[in-house]
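Protein chains: 2
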Amino acid sequence: MFEIKAKDSRGRVGVLKTNHGNIKTPALMPVIHPRKQVIDVKKYGADIVITNAYLIYKDEDLKEEAIQKGLHELINFDGPIMTDSGSFQLSVYGDVDITNKEVIEFQELIKTDIGTSLDIPTAPYVDREKAENDLKITIERSKEAIEYKNENNFQMKLNSVVQGSTFLDLRAKCGDELASLDSDLYPIGAVVPLMESYNYGDLVDVVMTSVNHLPDSKARHLMGAGHPMVFALAVAMGCDLFDSAAYILYAEDDRFLTTRGTYKLENLNEMPCSCEVCMNYTPDDLRDMEKDKRRDLIAQHNLFASFAEIKLIRQAIYEGSLMELVEERCRVHPNLLDACRKLGVYSKDLEQYDPRVKKSAFFYTGSESLNRPEIKRHLDKLRDLDKKRDLVILPSSKKPYSKYIGGKLGEFYIYGSEMELDLDNTDFMVLDIPFGLIPVDLDDVYPLGQNESPKIEDFDSLNFVEDIMSEFVEYYSQTLIHSKIIKKFDVGLYNIHSDSDKIRFKKDDIRKIKSIADYQFGPESGEALFTGDISLEKSKKTGKIRHIYSDGKLIANMRAADSFFVLSTEGAKRLHNSSESPKNRVIVNKDSEPFTKEGKSVFSKFVVNCDKNIRSNDEVLLVNEDDELLAYGKSLLSYNEIMDFKIGQAIKNRKGIK
Amino acid sequence: MFEIKAKDSRGRVGVLKTNHGNIKTPALMPVIHPRKQVIDVKKYGADIVITNAYLIYKDEDLKEEAIQKGLHELINFDGPIMTDSGSFQLSVYGDVDITNKEVIEFQELIKTDIGTSLDIPTAPYVDREKAENDLKITIERSKEAIEYKNENNFQMKLNSVVQGSTFLDLRAKCGDELASLDSDLYPIGAVVPLMESYNYGDLVDVVMTSVNHLPDSKARHLMGAGHPMVFALAVAMGCDLFDSAAYILYAEDDRFLTTRGTYKLENLNEMPCSCEVCMNYTPDDLRDMEKDKRRDLIAQHNLFASFAEIKLIRQAIYEGSLMELVEERCRVHPNLLDACRKLGVYSKDLEQYDPRVKKSAFFYTGSESLNRPEIKRHLDKLRDLDKKRDLVILPSSKKPYSKYIGGKLGEFYIYGSEMELDLDNTDFMVLDIPFGLIPVDLDDVYPLGQNESPKIEDFDSLNFVEDIMSEFVEYYSQTLIHSKIIKKFDVGLYNIHSDSDKIRFKKDDIRKIKSIADYQFGPESGEALFTGDISLEKSKKTGKIRHIYSDGKLIANMRAADSFFVLSTEGAKRLHNSSESPKNRVIVNKDSEPFTKEGKSVFSKFVVNCDKNIRSNDEVLLVNEDDELLAYGKSLLSYNEIMDFKIGQAIKNRKGIK
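In order, the protein sequence lines correspond to chains A and B. Residues in the first sequence are numbered from 1 upward in steps of one, following our numbering. Residues in the second sequence are numbered from 1 upward in steps of one, following our numbering.
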């Protein structure tokens, strides 16, 4: 019932399918009060709403009406409706007058689209025994709910809520167990107290741990998250759904929700946004108004502000700037900045989902950007590449670096004992923020050439690139470091290479395309692809390499925007011949073989296995289980997602091989 | 014609008075095309507009109509109108068919509210000779315009534009010369190329230098700044007016202005804000629309987004969170972040205007926050305070620190050679980010107790506080540094004080109030205020000190929110007796003496001199030129402003002394 349409960081734009229509995610579900609702939330952008089945159950009149007319008519909403089960009441009052089975049955009876079992929301920081006992019940009830649903062939979809308090191992365990149940959606519960107390750092731990143990093919709901200030962060961690009672609760209390935090009416001299309410009223207008009218107007603002943020987040995912948005949003409170920094701990997890190539350049917004998955990924790639004997490290210049590196390069200090120069056996790299070391041949490959950072540097980024330099000099017999770098970093080198003035960077297109191929497909791919008599066709306008031929046959095209290769059939064959399965491969099952050969796109459910290093926007080989090359294409998802999804496309087929 | 209503950093909310009504600043003036205008900009929040007098002059029909009906009827706008002079056309085409006097005369003739002389906009990075020659003409024309206006008793107000290209000394010289002319408003010109090329770092240099040499009592206009992305930064540098042709020019090109940058329609999957246009249309709707209709809708969005930002900036000034807003906005592009960092160079200039106390807490948003004026100010104050023989440096805890400092404190390393403990002759300070060292007795004084920073620290802030510690240990005979700090900073101390376990922090209310008084009013103020038999009255609820009596007489009240003192008459007298003029004083002239004694507020024009260290929200003594105490009150402005303004209130009188 869930498909991914676009991805960035761990965030995704998706489609959630229900009996009452499709919902675009990330989505915000306004909480509807079954009796008191006065605002038509659809007008403000709500495609799905949430209401409380237990409250309806407890009210004889509502219950009767819900059973007779159905939930949709009861709350006058014809789109998808999710229902909560009374867990919140359970957490507040300690007890509820309904069993798990009863609430499941009741939700089906009133025709909810998505129901919820009666989980136990365990507060943060409780003692471990309580958390364990609660969790046991939560998991049992989830199992019971699913069995009960399956036995009775219920139509509604079912939520299984992740609990475990702030014990990360319990969250992990809960995630694993619920994942095995194959529920329809996975809410992450009992995080409201963390948000209310601004413990956003702990929120990151709880959410990332939960999400890491949940399937990628299901939508995740951050329960009770209704403040637009946290949406971007939550989406970057992999959350797809939010619910907002905040829009009306805050309005009751004369508080405005904004991405910059909460504004209290009494402190407002000016209205805080561009919405209809903020344009048509002044704070004084509102202060002079009757309570009810004022509350409704503020609630409308709150909905406008919340849905605008949801749309902006989706836009950021489409363009690949979600982390920039997160890092901006997290500036509004030091504890959110703390959360943003905490997210750096999970860089490895984010990397597994982050697209290889994005429409946007990488913008450095502060030291937090050093933790972005792109940087980790680049350094891992760089460690994997074959290394020459020597390394020359050059200071950064404008981009592309190679345009500014020519002739005499200046003085170079030696790390290691001096050896005679061997320029053909030397890697040339530029030291720069934030990617550390960038091989000059890769200077226009995404994101090494598509990134910007401020001229005035901070210590974190300086230390970061210095550490990278210190690591990489150890991989070479001799490293030659430009005097400008030595001046800046004071790395304690005193000997200038006696042949410093002979160090030259020689541009070499063949070396460059091989380097890019190695970086894209793995070491030795360049040699495998570009053998024989190589000729290049360059753009007349930009002078950039466009097409590469070997013995007259097209091997690959180089994409202008990111300098990665798109293979030809011959290129795909050469890459296939040169490496072992599953490297660069997506392996499809027997049934889909003919379709794949015909050039049809590959759906996740047909994939048997694939290279763990595949990320969305990678160029991949499509093979069968005997490793016969069937086609080549572009991956739309990352390894984890390809393996987990049962519906939707995984690979866009570029061309089948007959 | 300009008054300040609220201040933060160097930004101000002000009122600009014209013949067609008052304008609240910061204000955005949409550019109105005298012939083609279709959008009624008033609807979107425009209180003032700008149009081009030269274009009207050049068009025979428009010229005739403007002369007959007046400018306001011509462009159908009944509020204040500013006119530009043709300088832009001069900069583009190299020449214009009008003289300086002619354009001044014409602007008066068509009844503009604010006219402009024919300055020469000199582009950035030109050669020095050109910049100097252009500037000479610009300054001459400004002089000529003002003389011509005065001779003929023209009614319009007059702009004098600051030029000087990117030569900071020329900008300074121009500012000084124009300041001496006593123009009505000061635009800063020829900065558009800096903004178009994203050279925001240089923009900061140009604007800060210009503003530093312009009078504080006049409104400043950042000419051609129409992108909401830069408004907050510009306001924090002291700009009051912006003009926007961008709203329509960008719309012509299908581009959306937002505080996050520019979105091109072709790249939009979702609409980028909560305005009417963004709520009622999708990107596809717009793409399918006729060009004219689409342009007008995008222009409307651009106006909504721009005016929303202006309002949000004013709100930030009222609440004292302008720098937080600037630091957030500057994340949207690395070159803006560079500008934000560059602004740190001007911390001293910002400090001279930054209010002493704000409604908002200080939020650390990243290493850029270390440059905020509050931190510089605190460290300068700390350097000035009298010092005991020894210093004990404690690690940070939750705030207020003193609540968590009790009993045995742990092990202390010695800086200096070991001396016997003398706890009565010891200053106790906490080392914390971002304020460095905070005397424990000042732990609830604003902003030392009202600030938050993320738990996960960055290198910049760690280095920053380490440097402060390294500086301050030199001011004491013996410094005792807590082992936790030594562990964290590795400052190379190896000797633990043999009486470490005897180090205790003893709470002492009398010492505390004296410390606060010294911090607020200068060294030895505490001794002067709190002599005799001191008794304290504390809040029953919070336990905080509220009133301080000496020999039964009230000396001062301590404000709960910021722990600064508000003096009583007796307190004011003691402070007055203990110090020399002009310390803590505002000196008023003879004429205003009786009013001041009666408790009337003091207007800037009556102030003869005052203490250079006075900042807005300071408690001050009001004296006459013979240093007789007339009253005491709260300063609404900073020293520079008090001395420069000729209209408006400077000091709110708390009580006159008969």
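Hints listed in this document are in silico derivations from the structure and should not be mistaken for laboratory results. Treat the hints with care, as some may be off.
Heads up, the list lumps identical chains together, so a pair's fine if it works in one copy or across two of them.
[Unchecked claim] List time: in silico BS3-like cross-link candidates among lysine-lysine, alpha-carbon distance up to 30 Å:
1. 455 - 348
2. 264 - 652
3. 646 - 573
4. 553 - 488
5. 264 - 42
6. 541 - 484
7. 488 - 376
8. 634 - 408
9. 43 - 293
10. 5 - 264
11. 173 - 455
12. 264 - 43
13. 264 - 455
Fair warning: this is a prediction, and the values are worked out from it, not measured in the lab.
Those earlier numbered hints the structure runs against, lowest number first: Those not satisfied are hints 4, 6 and 8.
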